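Undergrad: The chain contents come next:
There are 2 protein chains.
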Amino acid sequence: MASSVISRHLALSLHKNLHLSVSGCRYASKAAPKAQLDFEYDGPSMKTEVPGPRSHELTKQLGEIQNVAAINFFCNYEESRGNYLVDVDGNRMLDIYTQISSIPIGYNHPALLKLMSNPNNLSTLVNRPALGILPPENFPDKISESLLSVSPSGMSRVQTMACGSCSNENAYKAMFIWYRNKERGHTTPSAEDLTSCMINQGPGCPDLSILSFIGGFHGRTMGCLSTTHSKAIHKLDVPAFDWPIAPFPKLQYPLEEFSRENAQEEARCLEEVEDLIVKWRQKGKPVAGIVIEPIQAEGGDNHASADFFRSLRKIASKHGCAFHVDEVQTGGGCTGKFWAHEHWGMDNPADIVSFSKKLMTGGYFYRDEFEADKGYRIFNTWMGDPSKNLLLAEVLSVIRRENLLVEVTRSGKALMTGLNELQAQYPGILSRARGQGTFCAIDVRDDATRNDILTKARNKGIFLGGCGERSIRFRPALVFKEYHVHLFLNLFNDVLAQIK
Amino acid sequence: MASSVISRHLALSLHKNLHLSVSGCRYASKAAPKAQLDFEYDGPSMKTEVPGPRSHELTKQLGEIQNVAAINFFCNYEESRGNYLVDVDGNRMLDIYTQISSIPIGYNHPALLKLMSNPNNLSTLVNRPALGILPPENFPDKISESLLSVSPSGMSRVQTMACGSCSNENAYKAMFIWYRNKERGHTTPSAEDLTSCMINQGPGCPDLSILSFIGGFHGRTMGCLSTTHSKAIHKLDVPAFDWPIAPFPKLQYPLEEFSRENAQEEARCLEEVEDLIVKWRQKGKPVAGIVIEPIQAEGGDNHASADFFRSLRKIASKHGCAFHVDEVQTGGGCTGKFWAHEHWGMDNPADIVSFSKKLMTGGYFYRDEFEADKGYRIFNTWMGDPSKNLLLAEVLSVIRRENLLVEVTRSGKALMTGLNELQAQYPGILSRARGQGTFCAIDVRDDATRNDILTKARNKGIFLGGCGERSIRFRPALVFKEYHVHLFLNLFNDVLAQIK
Numbered sequence: 003m004a005s006s007v008i009s010r011h012l013a014l015s016l017h018k019n020l021h022l023s024v025s026g027c028r029y030a031s032k033a034a035p036k037a038q039l040d041f042e043y044d045g046p047s048m049k050t051e052v053p054g055p056r057s058h059e060l061t062k063q064l065g066e067i068q069n070v071a072a073i074n075f076f077c078n079y080e081e082s083r084g085n086y087l088v089d090v091d092g093n094r095m096l097d098i099y100t101q102i103s104s105i106p107i108g109y110n111h112p113a114l115l116k117l118m119s120n121p122n123n124l125s126t127l128v129n130r131p132a133l134g135i136l137p138p139e140n141f142p143d144k145i146s147e148s149l150l151s152v153s154p155s156g157m158s159r160v161q162t163m164a165c166g167s168c169s170n171e172n173a174y175k176a177m178f179i180w181y182r183n184k185e186r187g188h189t190t191p192s193a194e195d196l197t198s199c200m201i202n203q204g205p206g207c208p209d210l211s212i213l214s215f216i217g218g219f220h221g222r223t224m225g226c227l228s229t230t231h232s233k234a235i236h237k238l239d240v241p242a243f244d245w246p247i248a249p250f251p252k253l254q255y256p257l258e259e260f261s262r263e264n265a266q267e268e269a270r271c272l273e274e275v276e277d278l279i280v281k282w283r284q285k286g287k288p289v290a291g292i293v294i295e296p297i298q299a300e301g302g303d304n305h306a307s308a309d310f311f312r313s314l315r316k317i318a319s320k321h322g323c324a325f326h327v328d329e330v331q332t333g334g335g336c337t338g339k340f341w342a343h344e345h346w347g348m349d350n351p352a353d354i355v356s357f358s359k360k361l362m363t364g365g366y367f368y369r370d371e372f373e374a375d376k377g378y379r380i381f382n383t384w385m386g387d388p389s390k391n392l393l394l395a396e397v398l399s400v401i402r403r404e405n406l407l408v409e410v411t412r413s414g415k416a417l418m419t420g421l422n423e424l425q426a427q428y429p430g431i432l433s434r435a436r437g438q439g440t441f442c443a444i445d446v447r448d449d450a451t452r453n454d455i456l457t458k459a460r461n462k463g464i465f466l467g468g469c470g471e472r473s474i475r476f477r478p479a480l481v482f483k484e485y486h487v488h489l490f491l492n493l494f495n496d497v498l499a500q501i502k
Numbered sequence: 003m004a005s006s007v008i009s010r011h012l013a014l015s016l017h018k019n020l021h022l023s024v025s026g027c028r029y030a031s032k033a034a035p036k037a038q039l040d041f042e043y044d045g046p047s048m049k050t051e052v053p054g055p056r057s058h059e060l061t062k063q064l065g066e067i068q069n070v071a072a073i074n075f076f077c078n079y080e081e082s083r084g085n086y087l088v089d090v091d092g093n094r095m096l097d098i099y100t101q102i103s104s105i106p107i108g109y110n111h112p113a114l115l116k117l118m119s120n121p122n123n124l125s126t127l128v129n130r131p132a133l134g135i136l137p138p139e140n141f142p143d144k145i146s147e148s149l150l151s152v153s154p155s156g157m158s159r160v161q162t163m164a165c166g167s168c169s170n171e172n173a174y175k176a177m178f179i180w181y182r183n184k185e186r187g188h189t190t191p192s193a194e195d196l197t198s199c200m201i202n203q204g205p206g207c208p209d210l211s212i213l214s215f216i217g218g219f220h221g222r223t224m225g226c227l228s229t230t231h232s233k234a235i236h237k238l239d240v241p242a243f244d245w246p247i248a249p250f251p252k253l254q255y256p257l258e259e260f261s262r263e264n265a266q267e268e269a270r271c272l273e274e275v276e277d278l279i280v281k282w283r284q285k286g287k288p289v290a291g292i293v294i295e296p297i298q299a300e301g302g303d304n305h306a307s308a309d310f311f312r313s314l315r316k317i318a319s320k321h322g323c324a325f326h327v328d329e330v331q332t333g334g335g336c337t338g339k340f341w342a343h344e345h346w347g348m349d350n351p352a353d354i355v356s357f358s359k360k361l362m363t364g365g366y367f368y369r370d371e372f373e374a375d376k377g378y379r380i381f382n383t384w385m386g387d388p389s390k391n392l393l394l395a396e397v398l399s400v401i402r403r404e405n406l407l408v409e410v411t412r413s414g415k416a417l418m419t420g421l422n423e424l425q426a427q428y429p430g431i432l433s434r435a436r437g438q439g440t441f442c443a444i445d446v447r448d449d450a451t452r453n454d455i456l457t458k459a460r461n462k463g464i465f466l467g468g469c470g471e472r473s474i475r476f477r478p479a480l481v482f483k484e485y486h487v488h489l490f491l492n493l494f495n496d497v498l499a500q501i502k
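Taken in sequence, the protein lines are chains A and B. Numbers in the working numbering are just positions in the first sequence, counted from 1, shifted up by 2. Numbers in the working numbering are just positions in the second sequence, counted from 1, shifted up by 2.
Be aware that one or more of the hints could be misleading.
[To be verified] Dumping the calculated SDA-like pairs for lysine to any residue here, alpha-carbon to alpha-carbon at most 20 Å:
| # | chain 1 | residue 1 | chain 2 | residue 2 |
| --- | --- | --- | --- | --- |
| 1 | B | Lys233 | A | Ser192 |
| 2 | B | Lys287 | A | Ile201 |
| 3 | B | Lys116 | A | Leu124 |
| 4 | A | Lys320 | A | Glu371 |
| 5 | A | Lys233 | B | Ser198 |
| 6 | B | Lys502 | B | Asn492 |
| 7 | B | Lys376 | A | Lys320 |
| 8 | B | Lys233 | A | Ala193 |
| 9 | B | Lys233 | A | Leu196 |
| 10 | B | Lys339 | B | Pro249 |
| 11 | B | Lys376 | A | Glu371 |
| 12 | A | Lys116 | B | Asn122 |
| 13 | A | Lys62 | B | Lys116 |
| 14 | A | Lys116 | B | Lys339 |
Honestly, the hints are just simulated from the structure, not real lab data. Values in this document were obtained by computation on a predicted structure and should not be read as measured data.
If we strip away everything but chain A, and leave its shape as in the complex, we get (with noise of 0.2 Å):
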């Protein structure tokens, strides 16, 4: 894999494209190891400021078409390649955001390339089927060797969805469907049943709640929305569910220094999440269940202990409540496990394991008892898409060749001691360190501040993005090897050097 042509050109381009040198560097982390991906560059290469002159020249022209207010630069997917993401402008950034956590092996990697060349799979990229009532042959085959291929414990049946949204819709209906079935005995719905929900009123409509955390994000959708309460941008002006929200732990860093206060403020929440669902039963909108992503990450990248999930999940099985874990930013290897909630150690964490990004595909890991009873309960046109279910199932096998998830677990530990020594050195502008696998964070004093690091590194080659109100968010891909990590601190270290 690694060859000593790319560690040469990448020496060389250090000196000559970076200007790293001893001199410039206050932070000196491990010297890199050769690069390991033969299909990738050797290094970030910048031509201009970022977003560049064509960049802004496209914006300008989409801006006629669409809302622009968000857009940070326009890409050269074809040219990019493994953790590089190239921008129209020939800037070659390292990219630890990934399209928002959504790119599992980098971009261009050989064997998806490969995969959709292949005259074979030309039928899947042009037929579009209505999944749910017109499967393909190789539909049964390929959610097995893809998707059952990684369930979670305890789950061995799957509903596949478009996206992150429509995943959590359907996952929540899903788990009204079973507390209303519960409720009914599993008897056939009332006439009353049926005739009110044809108009939006109960019982056939009901008042029916799920719980969420302050600080979470499930989507955009308005059922999913009811639910995030991440930035108020995300949430104004649209009509939301009267739900109940809970206050999700504010734990302080590092968590083995704060074990005691750590435990006293996750019993806090625990006591007012069981406070809210015996409230919310007796306003008359019983909470059929909790949602919660094992770590919040739009919301600030806050985690929790294994222990409080545990305790919560004890306390949904008390209350009646289903437990939804929402995996669609933790799910597919980042934390070095390759579902998040893997690091609590239960048997049977979940009811519902929710997923996309990564995965290609959204969609829902369920219990058994979380199939809905009918047919077109739980449907759409498409219910998904087997052309993304090609690309997971290559994924997945890249994974298991690569060994990505030990590879992810060293990228981790190496991105988690350069982030503390990075604190430590720089004690005025950033704190609170945390992270599992390359699922990492670091907050910097104040939003400004926060956003004069993300340019500057971005003009230096390195993409980052925020989370929260004044987080850094680190995403890379599962093939961020440890010498990306480093390769990372020395600029970033630089960066920090600049800063007032």
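Chain B: place on chain A using the hints.
TA: Coordinates of chain B only, in the frame set by chain A:
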């Protein structure tokens, strides 16, 4: 294009495989002209009942993974061509349902196969971008070439989404944002707006509503589902917003014979719409938008006059409500115009037009003032899929090259003539033949007979779908020629002759 070999084969296969003979044919449709599509089969060919043994086996296998109650049969998409869907038991059916109306130009169209074989498109297939922040270089051009080339009148802006439900959810959000910005006088949201929305409360999460119609279908996520009123099974057990629901005109067919009665019925419904808008305003849940299908599809192919829609649009404007035309099922050419609402003959018929299905990608067009005032308000990770834009651009090029809207109009006329004749011939079975282009339907005397006809037709090689309580809907691809219409009518006649 047409090949005499194919038409000779056709004549042969019609006699050999389908046992058509003059004596068995009470309905004499025109002689079938030559086949127009040199890449497709010359007729249905049935080997087993449908579903056959292989479909049964696969359904059992998939049943271990997910709910299979809605599965019709498993398909061999590789072998399917043009208007013919081939199943895993080797049965070849004339497909007049086309994956719930979502296949625009038939199976395995050579132009699409060529497109997807082009190595230049590989990168688009393997690197799915987060379109809202990092679009590919060709995105503005590809959107211009595809979606903007079919912009509805009055609209030059479009937002792509991954599926129909997400399209409508985000269209609703755009209407809510527009409505609240008007109310605020386009000033900055208040501190109370920003804090209250984080906990799902007003004024930040306002009590606004969308007015929809009895029998309407707009998707199955929770916002959409609050405007869907087609069947109880779609809505049962899922919480809904308390939004107003107006009656949709129940017209008598043929429309030209009942113009006075139908005008009265439409006036009644329009009056009710105005009453509901006033009533919901008084309830403190003002109507921000009205959503309607040009032809209610899932709800039973219910039509209304151009006059009705023009008046409705005026009512929306009068009361300051947005007017959203949902063309998810009607859009893409099947009514003989690219958008069904073009039949209304208005310059600025709508504020928002949503689409999906035949357009390959979801999304919505919108008038300038419906653009969100900030980034990240209408947003999600993928915001559509450039690989689907590629397919759409090619589909539109085929529609133009092969003049398919003209073909649809011609086939639609032949289909309506035939349905009217069959209805005259079987007055105890069929009634209310109706349609626009090939987007046609006919009622059957009862649900059981309808389902019997669908099954018998399928076993004769005609795949059809139902809608509403006792309708059969016709949803062929745009490559369904007059020739196919006659082939269908002859076989359908055979089926009807068997009904007691």
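Undergrad: Does each hint fit the structure? Answer for all of them.
TA: Against the structure, the hints:
1. Lys233(B) <-> Ser192(A): 15 Å, holds
2. Lys287(B) <-> Ile201(A): 16 Å, holds
3. Lys116(B) <-> Leu124(A): 9 Å, holds
4. Lys320(A) <-> Glu371(A): 17 Å, holds
5. Lys233(A) <-> Ser198(B): 12 Å, holds
6. Lys502(B) <-> Asn492(B): Satisfied, since the Cα-Cα distance of roughly 18 Å is no more than 20 Å.
7. Lys376(B) <-> Lys320(A): Violated: lysine 376(B) and lysine 320(A) sit about 43 Å apart, past 20 Å.
8. Lys233(B) <-> Ala193(A): Distance of about 13 Å is within 20 Å: holds.
9. Lys233(B) <-> Leu196(A): Since the Cα atoms of lysine 233(B) and leucine 196(A) sit roughly 9 Å apart, the hinted pair holds (cutoff 20 Å).
10. Lys339(B) <-> Pro249(B): Outside the cut-off at roughly 26 Å; violated.
11. Lys376(B) <-> Glu371(A): Violated: lysine 376(B) and glutamate 371(A) sit about 42 Å apart, past 20 Å.
12. Lys116(A) <-> Asn122(B): Roughly 13 Å between the alpha carbons, so the hint for lysine 116(A) and asparagine 122(B) holds.
13. Lys62(A) <-> Lys116(B): Violated: lysine 62(A) and lysine 116(B) sit about 32 Å apart, past 20 Å.
14. Lys116(A) <-> Lys339(B): 40 Å, violated
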